[in-house]
Amino acid sequence: MTSSNTLSVGKTTLVDALLKQAQVFRDNQAVDQRIMDSMSLERERGITILSKNTAIRYRGTKINVIDTPGHADFGGEVERVLNMADGVLLLVDAVEGPMPQTRFVLKKALDLDKKVLLVVNKVDRDAARPDWALDATFDLFVDLGASDEQCDFPVVYASGQAGRAGPEADQLAEDLTPLLDAIVREISAPRVDTHGPLQLLVTNLDYDTHKGRVAIGRLQAGAMSRGQAVVHCRGAAAGEDAAPSPPVPGRVAELFVYDNFARVGAERVEAGDIVAVTGLPGVSIGDTVCAADAPPRPLPAIRVEEPTVRMTFGVNTSPFAGKEGAYVTSRNLGDRLRRELERNLALKVEASAAGAESFDVSGRGTLHLGILMETMRREGFEFCVGPPSVITRVDPDSGAVLEPIEEAIVEVPEEYVGSVTEAMSGRRASMVSLAAHGSVQRLTYRLPTRGLLGLRSALLTATRGAATLATVVVAHEPWLGELSARETGSLVAHETGPATAYALEGAQARGRLFCRPGDAVYAGQVVGAHSRAGDLVYNVCKRKQLSNMRASGKDNAPILTEAVAVTLDFALEYIGADELVEITPSSIRIRKNPAKAGKKGGKGK
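Residue numbers for the sequence shown follow our numbering, beginning at 1 and rising by one.
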């Protein structure tokens, strides 16, 4: 039976339709939308965070399907699973055309010489422009230096929501049969060595409570059997000159393959299929599993692009420390971060200069690191993080400092174009293009990654939630100079206790509040955004002095505006250089950093 691997880039809706039409579920089985998005965070945010694989059968062919994230912050997931794929389904919106993340994924696929099958999606929308989307995608191929053969890519038009596809935008079949036919026709069977010695490159890790660590990858050569004696070792990454690591012996306890949205036990698996293996407790992503009775031949280790943003994770030292979390020590924090390194290749963890109880954590962006923080707090961890900073490089030839530069696409209604332009000012952003897509304007900018910090929140505020932002790192260029800092300060609590409506009524005249009456606050906690420059220390716990004298109109209830909800995303974008975000399973707070006290002027009230 022929086996083909495809990569569906960030379009889980189309994968849903493929699974349903392949009849992998019973007729009476209840099936949710976004089937592959199994994490609660993925369902809440409507994005794919982790790559997942399954398989369907179509006319005698087994098709392995890998659903990958579409956001550039999770590009590490895409880079490692491309090693398992023979081809790529490149989904392009018929209205929006190629987005920044499309450029990132396509570049990786072309570098690895993967067959690209273009799917122009959402052709049934009123504003669809399939011909324009096709031309824009071809221009992107050319811009990325694709060969003539790669530029001659096949095209299928589809509506993932409706589960229909066809050879032309106006010739959609009633199902996805034309897309499945194109996959079988255009994407060749795996190029593997069925008779060579065993080689399995581990590209993902899972964990089972009873079976322990589960290594997932595609069998590149040979065959593997349950109970077989094996070794695993790591080869040098492409472009590196290093000796392989010493082989570690092990034995295949259980062997699984993916079939019809299930992990199925197998006795023997041959090259070309994606498998899951248990019984190797020390295996890591990038290791090669080889047969124990032959000299090991490790494959090149997986290499991903370097992180662009760094944040400091530390033990929570606020007055409320230890009250809400189950894991609060530096040992708990360090162990958890090291476990994350085992499967998150785009992450780096280093000892921090801030102290022994802190760690410098580097990732692809604030969303990448924010998802890690949210996952940890849901697991019961309590910690604090500092403001994000970009990671620079030094040009070995000129010695110049280089910083990451990103392409940002903002889509917004026409009446808010001026607001977007104003929000971009002071961020060293240069406009590349401005184009109208119906009633929506698309503004393309190039700006340093530093300029993106806090930008999403500023855009949503300036456009009343109407703007969408997509970004991707495109280059490292010489440092562009200092950016304008946050112009306003913070409202800082003067003492510890419950906030009162009486005190908050006076505080709200001086800025936006982050807390409500009855909320427990502590001295040094940021309880609002000051409307002026500099911090203002304010006693939000002050109570009204009662007496026997009462005057008309003096006992009216305070009128308070709705406080700003301090979410993790908001806090990470808001904090300044002298502030920290306190993260617990039940609360997100912003506080002043005691280590930097006195470096930012303010006055008390």
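Careful, some of the hints might be misleading.
[Unchecked claim] Computed spacing ranges between beta-carbons, pair by pair: (1) A162 to T421: 35 to 45 Å; (2) A577 to A509: 18 to 28 Å; (3) T421 to D206: 40 to 50 Å; (4) P585 to G518: 16 to 26 Å; (5) D135 to M431: 20 to 30 Å; (6) A400 to R339: 35 to 45 Å; (7) A189 to A577: 29 to 39 Å; (8) A565 to A354: 20 to 30 Å; (9) S439 to D135: 19 to 29 Å.
[Stated by the list, open to error] No farther apart than 30 Å at their CA atoms in a straight line, the calculated lysine-lysine pairs in the DSBU-like style are these: (10) K544 to K596; (11) K542 to K596; (12) K107 to K323; (13) K596 to K348; (14) K108 to K348; (15) K211 to K115; (16) K107 to K62; (17) K62 to K115; (18) K108 to K62; (19) K348 to K544; (20) K348 to K211; (21) K596 to K323; (22) K115 to K323.
Don't read these hints as lab results, they were simulated from the structure. Ideal placement from N, C-alpha and C gives every residue a C-beta, glycine not left out.
Under the constraints set out in the numbered hints, which ones does this structure not fulfil? 7, 10, 12, 15, 19 and 22
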